[in-house]
Amino acid sequence: MPGAPLTRGLDPGAPAGSSAASPAPRAPQATPRLAPENDRVSSPARSGRPTRLHRAVFQPIGDEGRAALVERRIAEAIIAGVLPSGERLPAETELARSFGVAPATAREALLALRERGLIVTRRGRHGGSFVSDDADPAAFARRTLVETSRVALRDLAAHYLAITAAAVELASRRADPSEIGAIRARLERVRDDDLAAWRRVTDDTQIELAALGQSARLTREQMRLQGELSPFFALIDTDADARHRNRAALLAVLDAVSDGDEQRAVALTRQKVQSCVDWLIDLRERTTS
Amino acid sequence: MTVTEPVTASSAVAVVTEYFGRAIDSLASWTDVFADDLRRARAAGPVTTDVLDELVEPYARRTFDELDLPVYGAGFIAALDSLADARSHLAWWQGADRAKLVLASQSVNKEHIDYSELEWYRVPQATGHPHVAGPYVDYLCSDEYTITIAAPVALDGEFVGVAGLDLLIDQVERDLLPRLRGFGDDLSIVNGVGRVLLSTSARRETGDSIRGAALEGFVRGACPGMALEVLTAR
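Protein chains in written order, with our numbering: chain A, 1 to 289; chain B, 1 to 234.
These are calculated hints, taken from the structure and not from any lab test. The reader is advised that the hints may include incorrect statements.
Between beta-carbon pairs, the in silico distance windows are [as the list claims (entries may be wrong)]:
#: 1; chain 1: A; residue 1: Arg224; chain 2: B; residue 2: Ala214; range: 27 to 37 Å
#: 2; chain 1: B; residue 1: Arg181; chain 2: A; residue 2: Leu251; range: 40 to 50 Å
#: 3; chain 1: A; residue 1: Arg123; chain 2: B; residue 2: Arg39; range: 31 to 41 Å
In silico SDA-like links for lysine to any residue, alpha-carbon gap of 20 Å or less [unchecked claim]:
#: 4; chain 1: B; residue 1: Lys100; chain 2: A; residue 2: Arg73
#: 5; chain 1: A; residue 1: Lys272; chain 2: A; residue 2: Glu92
#: 6; chain 1: B; residue 1: Lys100; chain 2: B; residue 2: Leu168
#: 7; chain 1: B; residue 1: Lys100; chain 2: A; residue 2: Glu92
#: 8; chain 1: B; residue 1: Lys100; chain 2: B; residue 2: Asp85
#: 9; chain 1: A; residue 1: Lys272; chain 2: A; residue 2: Ser258
#: 10; chain 1: B; residue 1: Lys100; chain 2: A; residue 2: Pro90
#: 11; chain 1: A; residue 1: Lys272; chain 2: A; residue 2: Arg245
#: 12; chain 1: B; residue 1: Lys100; chain 2: B; residue 2: Val47
#: 13; chain 1: A; residue 1: Lys272; chain 2: A; residue 2: Asp282
#: 14; chain 1: B; residue 1: Lys100; chain 2: A; residue 2: Arg88
#: 15; chain 1: B; residue 1: Lys100; chain 2: A; residue 2: Glu94
#: 16; chain 1: B; residue 1: Lys100; chain 2: B; residue 2: Asp53
#: 17; chain 1: B; residue 1: Lys100; chain 2: A; residue 2: Ser258
#: 18; chain 1: B; residue 1: Lys100; chain 2: A; residue 2: Pro103
#: 19; chain 1: B; residue 1: Lys100; chain 2: A; residue 2: Ala91
#: 20; chain 1: B; residue 1: Lys100; chain 2: A; residue 2: Ala96
#: 21; chain 1: B; residue 1: Lys100; chain 2: A; residue 2: Glu221
#: 22; chain 1: B; residue 1: Lys100; chain 2: A; residue 2: Asp282
#: 23; chain 1: B; residue 1: Lys100; chain 2: A; residue 2: Arg245
#: 24; chain 1: A; residue 1: Lys272; chain 2: A; residue 2: Glu221
#: 25; chain 1: B; residue 1: Lys100; chain 2: A; residue 2: Arg154
#: 26; chain 1: B; residue 1: Lys100; chain 2: A; residue 2: Val101
All of these numbers come straight from a predicted model, not from anything done at the bench. From the three backbone atoms N, C-alpha and C, an ideal C-beta is built for every residue, glycine too.
Chain B on its own, in the form it takes in the complex (with noise of 0.2 Å):
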């Protein structure tokens, strides 16, 4: 599922899916064990919020501090109903002091939002498979522009909810976009509704979109593993 190429990559495909691939393979790294924590967990009676935040805290943690990558947000969100006190939870640290997500405490409604149909819960959902999700301005968790790998976690064929992180696109821009340079003055990283990430052109702004006819002036690379694609202008 997941490709990790040599940092020394010949393409701007390469250099796109070994970054995002890096956050995937993190998120690989913890997704199993976790699941096992929550089985030993469920076995040893009813798995509450604060039971779940316990559980996820150290995978956070560590996705913070070893992961190559400018991670603004990590944790767990759980399935719907799967909890025994509540309807949905996220199991969520971010920002630069990396505090607990309490969605309460802030100002608009935030706890009745309903995650389920939110990219980055819906597609590992359908899939099973990891997902790069996004840009999108995370009115949930960041208040930012943002992109969310998630990856599901399964316990027993069942659903128990997904992994993720979040970057902030100001700085994925920051980090690829030097990289991407020497590939093409008009170079565009585009997500799978055709909405541009980033652009090595200063003409195209994050949050386009590059779709349907304008295609056609491109030369389009997937991303294999992610649905993300490089255009380059013909």
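Looking at chain A on its own, in the form it has when it is part of the complex (with noise of 0.2 Å):
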């Protein structure tokens, strides 16, 4: 069982288009080198008893390569609908210098994307790589949900609820109400029937409470997460009930977060994304049935 994860939500390496698999060159499965009488690297083996910390070390580190990596970026971008149909893709050299790859190496991830069909060129003066016409997130966001199995969906939601419930209970008690007030402020100028803006202020606001509870490594991480997830938000807004439910909900957490209150704030973020994930699950159920 090699280490890759069972689900990755909305993977862009599997729901890229029906059964279009990535092109992009794979390199064999590497096998993990750890010969159980090498004695430097197996003292808990030897012990018989592996940790499974010490697993975790040896995993094969992947079977991509860094195009493959660069490709996976920026199609995950556009599957999130964060790059959107039209919008132009940095330069080659500006894109290989960015994610710190070789020209050639980026050459190689943008082909892969045109190819997928993610990405057009247009050559001429005002020439470049675009986001493809039909690139439609909810589209993809669909598809991916129908492909998920109801047990990974539910994990993603697990992990998903752990780190934001440790963001939102950090940010209780460390952030000031003045900067709770700065982000309600945002939200309130925002119409929650304008689609994309509300679920562009609805992302920053998640990342924003994380940010104050002062921890980079959960705001990286929610910021990952949110991003994974965004697509399956975005789903839940065209449900006008579900999108108003969930505006006061989050309001409700902007409160308890102002008003220091660790618990009331990570119980209504509980409350709120189990909401979420049911209205999935439903989505779900019914697309499939």
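Got two chains here, each in a separate frame; can you build the complex from them with the hints?
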């Protein structure tokens, strides 16, 4: 059993197009070289009780090359709608510099994205690579939802809740009420029937709450998970009742954080995540049955 | 505005003020000449993100090379709607390899983040003075626990953006803590909202707050020219 996770939520490796699997070159599966007789790496094994953490050290690093990693990062952004249709990607050399890879690697990644139909390349003076016109995040999200098992969805929600609750708890202890006031003011300026703006401000609010906990690690993890779940949340946003409930729930969390009430903030966060995952699972059931 | 005391400072307030004062002085050394560069660029044609990057880069590089602080990032953040081809832009270099920041290629929707309400932009814009912002988790640039020193840049009275530099708290702790220990074993640097930047007490966490009634137990010393205080337990 390789170290690959059961699901990656909106992993573009899978959903990009029915069975149009990524053409990116895959290195052969690396096998962990963990010889039990090797004293230097196997002391727990020698004692007969290798710990889980010890095993994790020697998990295969993964079969993706650097080009595939670059491809995946951009594909994720397109599928999540972070890079919308028509958006121009940075030039090849700029891309290479920004990712810290060789220009040839960036070129290979762009080629793979083009073959998957996620980007198009235009020539000429106003040319470059652009996000394809038929890259529709909602369609990607619905397809991914159907393709993801119920157990994997619940697990994703459990991970999201663990991080979000921890971040919100820290924020309750550490945020100044004026900082929550600024977030609240921004939320209140956005009409929730402007779905794209609402989704953006909601994602930002969650990330800012994490940042107010003053933990860089939790904030980075919140950002990653928010990016992964945002397309699913965008599906929920299309249901006006659910959207209004989520808006009220988010404002209630902000109030609790502002009051410095850790327990209430965590309890409200748990309810909110629970109702979101229930909504998604209901949609999945309706679509698949 | 800036206060730079001799390095042989005799108080914790002087040590802290001198340390962050170096950053403020460094920014002040280029904001005026940069404003002149910008005026000339505007006269020559539309100022785009590329034009701005080219103008800022030498000053950013100089900040890394010449300033005696562990600079993690440096550059200039344009005022909203001040450029010809973008609503907002960070001309910013950071990290060990001083790489140009490209927001669009990062994972979350950072390019949509409206920085106009962030402390390092908002305060210099509102006050017209340099500001030591943070500590805060900088989810826009470094993704680390950060202090940003920012100075407003004005062109003929028009606010055109802020010049700034980032210090990571991790490195500030290594620099400052050994120098502050001699002044007391429960001495903390806090910012304008009472957030602890560093403390000589191992039981006070960076990021925690000392505010309200909790302040009673401390002698407070304000650092001139920056919204920082040194709290010493009575």
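Comparing the hints with the structure gives:
1. A:Arg224 - B:Ala214: 27 to 37 Å: holds, 34 Å
2. B:Arg181 - A:Leu251: 40 to 50 Å: holds, 44 Å
3. A:Arg123 - B:Arg39: 31 to 41 Å: Because 37 Å falls inside the window, the suggested range holds.
4. B:Lys100 - A:Arg73: Measuring from Cα to Cα gives roughly 18 Å; hence the hint holds.
5. A:Lys272 - A:Glu92: violated, 42 Å
6. B:Lys100 - B:Leu168: Within the cut-off at roughly 18 Å; holds.
7. B:Lys100 - A:Glu92: Judged against 20 Å, a Cα distance of about 15 Å means the pair holds.
8. B:Lys100 - B:Asp85: Satisfied, since the Cα-Cα distance of roughly 18 Å is no more than 20 Å.
9. A:Lys272 - A:Ser258: Status holds; Cα separation ~18 Å.
10. B:Lys100 - A:Pro90: holds, 13 Å
11. A:Lys272 - A:Arg245: Answer holds: lysine 272 of chain A to arginine 245 of chain A is near 9 Å, not above 20 Å.
12. B:Lys100 - B:Val47: Roughly 19 Å between the alpha carbons, so the hint for lysine 100 of chain B and valine 47 of chain B holds.
13. A:Lys272 - A:Asp282: holds, 15 Å
14. B:Lys100 - A:Arg88: Given that 20 Å is the threshold and the Cα spacing comes to 18 Å, the pair holds.
15. B:Lys100 - A:Glu94: holds, 9 Å
16. B:Lys100 - B:Asp53: holds, 9 Å
17. B:Lys100 - A:Ser258: violated, 36 Å
18. B:Lys100 - A:Pro103: holds, 16 Å
19. B:Lys100 - A:Ala91: holds, 14 Å
20. B:Lys100 - A:Ala96: holds, 11 Å
21. B:Lys100 - A:Glu221: Violated, at about 23 Å.
22. B:Lys100 - A:Asp282: violated, 45 Å
23. B:Lys100 - A:Arg245: violated, 41 Å
24. A:Lys272 - A:Glu221: Holds, at about 19 Å.
25. B:Lys100 - A:Arg154: Roughly 39 Å between the alpha carbons, so the hint for lysine 100 of chain B and arginine 154 of chain A is violated.
26. B:Lys100 - A:Val101: Judged against 20 Å, a Cα distance of about 14 Å means the pair holds.
The structure fails to meet hints 5, 17, 21, 22, 23, 25 from the earlier list, while all remaining hints are met.
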